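Throw the hints in and build the complete structure from the sequences for me.
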Amino acid sequence: MKSTNELKANIKKYILEASLSDVKDVEDDALIFENGLLDSMGLLFLIEFLGESFQVEVSDEELNPKNFESINNIVSFVSNKLSVKV
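Residues 285 to 370 (the numbering used here) make up the sequence shown, in order.
FYI, nobody ran anything at the bench for these hints, they're computed from the structure. Warning: the hint list may mix true and false statements.
Calculated pairs, EDC-like style, for lysine to aspartate or glutamate (alpha carbon to alpha carbon, straight line, at most 20 Å) [what the hints assert, rightly or not]:
| id | residue 1 | residue 2 |
| --- | --- | --- |
| 1 | 292 | 309 |
| 2 | 365 | 346 |
| 3 | 365 | 345 |
| 4 | 296 | 332 |
| 5 | 365 | 332 |
| 6 | 350 | 323 |
| 7 | 297 | 311 |
| 8 | 365 | 353 |
| 9 | 308 | 323 |
| 10 | 296 | 318 |
| 11 | 297 | 353 |
| 12 | 365 | 341 |
| 13 | 365 | 336 |
| 14 | 296 | 353 |
| 15 | 296 | 309 |
| 16 | 292 | 312 |
| 17 | 350 | 313 |
| 18 | 296 | 336 |
| 19 | 292 | 336 |
| 20 | 296 | 341 |
| 21 | 296 | 312 |
| 22 | 297 | 336 |
Since the structure is predicted, the reported quantities are computational estimates derived from the model, not experimental observations.
So this is what it looks like as structure tokens:
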């Protein structure tokens with residue numbers, strides 16, 4: 285299993301590459317959607333990325349904006365999912 289730092293680095297890299305705006309870095313607690321980094325389609329692609337990269341499935345109940353509003357929240361969500369799977 286990846287460390288939290290590796291998870292964060294991979295997720296942050298993905299968000300920066302997929303971002304709608306031309307940003308070079310993003311704070312770990314920045315609000316991804318409010319700051320225009322991703323839109324609703326971006327969220328769908330992010331969920332697909334999490335599934336492919338970390339074998340994490342997101343249920344309908346987990347599509348809570350709080351789970352995906354920042355890099356820290358996404359890392360926490362993925363970490364929790366991975367710890368439950370093991």
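For a C-alpha distance cap of 20 Å, please report whether residue 296 and residue 341 respect it. holds (19 Å)
Under the criterion that the straight-line Cα-Cα distance not exceed 20 Å, is the pair residue 292, residue 312 satisfied? holds (8 Å)
Check the hint pairing residue 365 with residue 346 against an upper bound of 20 Å on the C-alpha distance. holds (11 Å)
So if I understand the rule, the pair passes when the alpha-carbon distance is 20 Å or less; does residue 296 with residue 312 pass? Roughly 8 Å separates the two Cα atoms, so the pair holds.
Residue 365 and residue 341 were given as a pair; does the straight-line alpha-carbon distance stay at or below 20 Å? Holds, at roughly 8 Å.
Pair hint outcome, residue 292 versus residue 309 [Cα-Cα no greater than 20 Å]: holds (13 Å)
Proposed proximity, residue 313 with residue 350 (alpha carbon, max 20 Å): Holds, at roughly 12 Å.
Are the Cα atoms of residue 296 and residue 318 separated by 20 Å or less? Judged against 20 Å, a Cα distance of about 16 Å means the pair holds.
Decide if the proposed pair is consistent with the structure: residue 350 and residue 323, CA atoms, cutoff 20 Å inclusive. Holds, because 15 Å separates the two Cα atoms, which is no more than 20 Å.
Within 20 Å, alpha carbon to alpha carbon, are residue 296 and residue 332? Within the cut-off at roughly 15 Å; holds.
Would you mind confirming whether the straight-line C-alpha gap from residue 365 to residue 353 stays at or under 20 Å? holds (17 Å)
Has the given pair, residue 365 with residue 345, been kept, meaning a C-alpha gap of at most 20 Å? With Cα atoms ~13 Å apart, residue 365 and residue 345 stay inside 20 Å; holds.
In the structure shown, no violation is registered for any of the earlier numbered hints.
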